[in-house]
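Participant: Residues per chain are reported as follows:
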Amino acid sequence: MGQFLAAAEDTPDFNREIRPILAENCFHCHGPDKKSRKSGLRLDTFEGAKNGGEFAEAVVPGKPERSELIARIHSGDPDELMPPPDSKRTLTSKEKELLRKWIASGAKYEEHWAWVAPVRGGIPKVQNLGSINNSVDAYLLRRLEQEGLKFSERASAGNLLRRLSLDLIGLPPTPEELEGFLKSENYELEVDRLLKSPRFGERWARHWLDLARYADSNGFQADQLRPSWAYRDWVINALNENMPYDQFTIEQLAGDLLPNSNLRQKIATGFHRAVTCNVEAGVSPEGNRVNQVFDRVNTTATVWLGITLECAQCHDHKFDPFSMKDYYSLFSFFNNTPLEVQLPSNKKDVSHDFIGPYLDLPLSPEQAEEAEKIDEEIAALERERDELSKVSGPKFQAWQESVVAALENQPEWRPMTVKSFVSSGGGEYRILENGSVLLTGEVPDKTTYTGEFETDLQSITGFRLETLTHPDLPGKGPGRGDVIRPNFVLHELRVAIKKDGNESQLKFQSAEADFSQKNWDVAGAVDGKAKTGWAISPQFGKPHFATFRLDCPIESLRESSLVFWLDQNFGKGRVIGNLRLSAISDPVGTAALPQGVVSVLKKPEGKRNAKETGKLKAYFLKSNVRFSTLEKRLALLTKERSTLKPDRTLVMVELAKPRKTRILKRGNFLAPDQLVMSATPERLPKLEKPSNRLDMAKWLVRRDNPLTARVAVNRWWSEFFGGGIVATLEDFGTQSEPPTHPELLDWLAVELMESGWNMKHVLKAIVMSQAYQQSSRVAPELLAKDPRNLFHARAPRFRMDAERLRDNALEISGLLSSKMYGKPIMPYQPNGLWRQTGRNEPKWEEQKDENRWRRGVYIVYRRAAPYPSMVNFDAPDRSSCTVRRPLTNTPSQALTMLNDPAYVEMALAFADRILTGSGDVSKRVDYAFRLALSRSASPSEVTILEELIRDRSEYYRDHPVKVSAILKNPKFFYKPNHKNLIELATWFHVANVLLNLDETLTRK
Amino acid sequence: MNQNPFLTQNRRSFLQKSGFGFGSAALASLINQDAAAADDDPLVRLGLHHSPKAKRVIYIHMVGAPSHLDLFDFKPELQKRTGELCPDEFFDLNQLAFIREQPNLLGTPKDERFSFKKCGQSGTEISNLLPNLQGMADEMCFIKTLHTEQFNHAPAQMFALTGFERFGRPSIGSWTSYGLGSENQNLPGFVVLITGQVLGAGNSAFGSGFLPTIHQGVEFRSKGDPVLYLSNPDGVSHLDRKLVVDAVKDLNRVAFDDVGDPEISTRISQYEMAYRMQTSVPELMDIKSEPTYIHEMYGTKPGESSFANNCLLARRLVERGVRFVQLFDQGWDHHGGVFENLPKKAKQVDQPIAALLKDLKERGLLEDTLVVWNSEFGRTPMAQGASGDGSKISEAGRDHHKEAYTVWMAGGGTKRGHVYGETDELGYGIAKDPVHVHDFNATVLHLLGVDHERLTFRYQGRQFRLTDVHGEVKKGVLA
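Chains A and B, in that order, are what the protein sequence lines are.
Every number in this note's numbering is 278 more than the matching position in the first sequence, counting from 1.
Every number in this note's numbering is 59 more than the matching position in the second sequence, counting from 1.
One or more hints might be untrue.
What the hints assert, rightly or not - Here are the simulated DSS-like cross-link-like pairs (lysine-lysine), alpha carbons at most 25 Å apart as the crow flies: (1) B:Lys301 x A:Lys1246; (2) B:Lys282 x A:Lys1201; (3) A:Lys1126 x B:Lys282; (4) A:Lys1240 x B:Lys169; (5) A:Lys1249 x B:Lys301; (6) A:Lys386 x A:Lys374.
Stated by the list, open to error - According to the in silico footprint, chain B covers these stretches of chain A (three or more CB under 8 Å from chain B): (7) 1053-1061; (8) 1178-1188.
I should point out that these hints are in silico values taken from the structure, not numbers from a laboratory.
Every residue, glycine too, gets a C-beta built ideally from N, C-alpha and C.
Please build the complete structure, drawing on both the sequences and the hints.
Facilitator: Shown next as structure tokens:
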């Protein structure tokens, strides 16, 4: 492979100097795309150029003067000139000269470097052997020496550990870790510790999830949430376990097709279910599916092969050797999963039904524990119920006898006498001849009737409340509020025995009514709950009654009276207009016996049929308090148990019968063309006998695949050096930027494959290099010579990505939760951002617990409205595969770090943390610096902050009101410990300053 | 290699060009304060390919697609044949979003309220539903033959606004900001104002795709902070904030002196601009200072969130040099009850849009401000949901229609009082002068002085542009 950055010589380098000119200016009409090829001439192959199409002598090797190409690029005739003027492309004279030299030197074509498998070259010789740690350094230093440069000095220990820690686990070192390293100076030990940390997977998952365009919602119109967080957890876990990259690849692309695939391998296939899904009801389900397959093909090509296939959806690629046939042959591997939406079952629905496959996950440990507890209780209750249901023997017999006896002397309801009556909401009352109370006068909105009643019954088992009609009431009643809807709502009926001014409350066992409105059952009037109650819509204009059975019968009333309270709080005058209360002594409960039971009992035992005996037994059981309690509890438990559903996750499922794949004209699913078979692109190593996705996945990680390993190591490199060895991380095709250090790229790629696709091994090789460990100081002469730092004569400085910024600030402030995995979290975000994205659901529910301080990778990712403070720091919406996030520097970022209540809360906690230590201001500043920046503060830095501290603490001493204004921010969930509030408010600003420093936001 | 010179430099050059993002004295010389006046600045020439007619854009997007047939494209023949079964060739299930059975034709009702009037000197026909706009007809340039390739909201919105029906491409506002930068150092170059819910395409409708995120549309909200996180935290005073920002600046200076990374000085200026925005944005959003006659003209009420308020804000934004202002208004998707709902929506927008045109004209801004009124597609001349035969006319709606629909532009170098293109007698297809979405976008860029084929960004090994590999400037709409 040539020296890509070397200066041009007499024989131009084809890949570096000639192909780009041809690709940019000629391939559009004279390239691989047959359809747009003009004059039958192609210039992307030697044969094509030599044959010349309609021009026998387009390129005559060694003879530029006879080559039509040279004549055309110099032509003065606009009809002859190439590229044609209307293409708006022009060649510079330097480019023309290069083309001439190239033809003169034989017009040699070379294969594009990326299509040739990498081989490990020799380790280059360098002059300054002392400054290299490993092969990585050797490749870099040779280049530096050629440029007359050298590595910078090693970064300070604190800086180095912070860099390493932020790079490997996305978090800064703790003061203890820092101290340990300063003592031991054992760098490799730290590297190993961090590579083993469970935080490693959380940091590197973010990087992978951008590629996987993982989100928690469908995208498009309604953008509803959908569960696939188990896939996110799979990625974190796989990275932590250092799953070999080939296995990592195969499981995500085709885990479902592995022989006897296990649960985890199936979850891994969530990778390609992360694609957006349009459920908007005018969408063709097939059109949606085809779009999803397009995305799967394009994403696979970008993530593993580093090539942009998208163009070949509609036409042969204009620059790279990939045809439409290649595209649809690859498409065919992905074409065998089911439709994910179908026309709505309800025709009026504005959304399709989502029918894509899910996988049930095992119950979570908490769920499983809960389920076990419920199952045990259900079993015990059922045993007891079965025992009780064995209705026979003396008890049943005795009951029957007592009822039959009681029936002969059936007790009666006895109206009680009103001693006093008050309506809290106002109005008057009259006692009518039938002993009832008629309410008159002003109709109260809400009220509680309090009435004292007397009766000569001595023992009482229950009461009856009659709500009666009366001509004076609107619509005859029984309610008072409305002539059309004379309803009432009795929220609660309470009763007490009153003796010598002392009241003792009685409890009810049950309540029954002749009629209860839907959702307003009379049982609600005695359940102690303020919101439930008894009402009677639509049966207005008729009298009603309810009976209430006491839990413990009153044995003897003697001199006492009874006080009743009737709470009626619905409003709008929904109160009872005419009521009568009666009491009864009916120990057996005959008064409440249904007519059907009475008639059975009246029959002699021998004449009852089985059905009648069953009815009797059922009633007997029901009257047993314990039995009905049991029944209720069982019903409740069964319901609870049914809500303990396993969580689900989206996975790939292969159709039993594969679809036929056709080329789609212009990528239009309604315009199918020629049939194609599954195959990998022709230019790349051949896959023999391909059958399915699994074969394709295995092919990607075959040793002779020239792209997969290079593309992966290049992305990892970029995470450490702020840019790739190939700058275009997403494209290794002929239009890509040539690698700055081709041999190093190949060395890393081979190292990856030969180490058994060991990712952590490669990362370790990178971070152990001297190049990684050097200082990031930007010397002016270096900036002038190599502004993009392509030669790596210093370590790069760059702003961290959105998630790391948040995690870093949480860790500095001491708030970061180490809780891993599970459902997406919702920390603070401004109100109303989700409501605007359409429909009412889902809602953002800010979590006011530990979850709000978990790492950014767990924050719910909704495509139409991703977490706003992260968007401000260039987080993508994850609607499509993102290889590289931009790194902007904007005022919105300043506003976010200064004012986002999430960061403001972190500042408060950080201030509280600083104040736990020594009372000396400069020591506190120093501690704060060590937390935030892993270094001590310089005297000038201390001075700047001391000034702020002096100013604010004086001000707050004089204005204590301002202190509480700051500390009583309702958006704070964190409760500080520091008791000196003036100090806390003052240091809150200091913490705010430190969290906003360029250095805090920068990995350097 | 004949590369965009942008791309051979590091990312800072993008920022330097964009204006929004730079405020420091050290870099002030690089800021493109006024694109037209700074022709010798190489950064400016990158964006401007010819002398622009429009320097800024107010782009009004009616989300959901208004019934153009009942507002701007009157079809007497359709009206006459209302209730007839539509011709077979109109009924193609794959081209209709919701209609499932062969529908009837549905014309505009024969009712004074819905009648069309020939307006102004140009005699352009506009429905009585838009009485105020009728008065502005001589300023407007109608395109009656816009057509698109998508007939579902989200993909069609993306197609219209980003030139591609799926996620991931920059929007027209982002391309403009990328190409021309901002004229104001205190405000973003691309501002979005929304009434109703956000559209189906979500933020992608004004997203920057693969362009640097500095070019994405920044939503100014009418509730809460106009720009997210603009206000100081509870209890934090203006002075507190100043002291904090000053301390951050002083400490960042110490760091800059030590390590020499220019990114630090950029950060310092961003904090300064953020601090200035805390004053300039609330000042901008506060329309109370406008005189009464302006409020009466637009129908605005300070403190409300309304389309009218957004129209007035749009004027205030372009006055302050914001390059691209985009208004979204939700609620035009009338699948049912089109003759009941359309008048209500029309009433909401008629007065403020007419006021905006008038106000811009009176201030001399209309000349170099392009106002665009469009939607993702149009609506069918066939009835949806009800027979459309007159018996249940109040329930009838119209489905999504991509074959031809009407949009208009005003000012910014477009022909005044002009109609371009013609649909067939039933308003289904195009009779004359089709304009594809790519043509439309090419024309908008052209008016801004930008050649749509040359405004490109290299990504994934390819030069991308708003119009993909298509688009033709429609000279017939240019003044």
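Participant: Take the hints in turn and mark each one as holding or not.
Facilitator: So, going through the hints one by one against the coordinates:
1. As the CA atoms of Lys301 of chain B and Lys1246 of chain A are separated by approximately 21 Å, the hinted pair is consistent with the 25 Å bound.
2. Note on Lys282 of chain B and Lys1201 of chain A: the hinted pairing is violated, with a Cα-Cα distance of about 44 Å set against a maximum of 25 Å.
3. For the hint pairing Lys1126 of chain A with Lys282 of chain B, the CA-to-CA distance comes to about 24 Å; that is within 25 Å, so the pair holds.
4. Of the pairs offered as hints, the one joining Lys1240 of chain A and Lys169 of chain B is violated, with about 67 Å between alpha carbons and a cut-off of 25 Å exceeded.
5. At most 25 Å may separate the alpha-carbon atoms for a hinted pair to count; Lys1249 of chain A and Lys301 of chain B meet this at roughly 22 Å.
6. Straight-line distance between C-alpha atoms of Lys386 of chain A and Lys374 of chain A comes to about 16 Å, which keeps the hinted pair within the 25 Å bound.
7. Only residues whose C-beta sits within less than 8 Å of a C-beta in chain B count toward coverage, and the region 1053-1061 of chain A has 6 of them, enough to reach three; the restraint holds.
8. Against chain B, the region 1178-1188 of chain A contributes 3 residues with a C-beta closer than 8 Å to a partner C-beta. That satisfies the three-residue criterion, and the hint holds.
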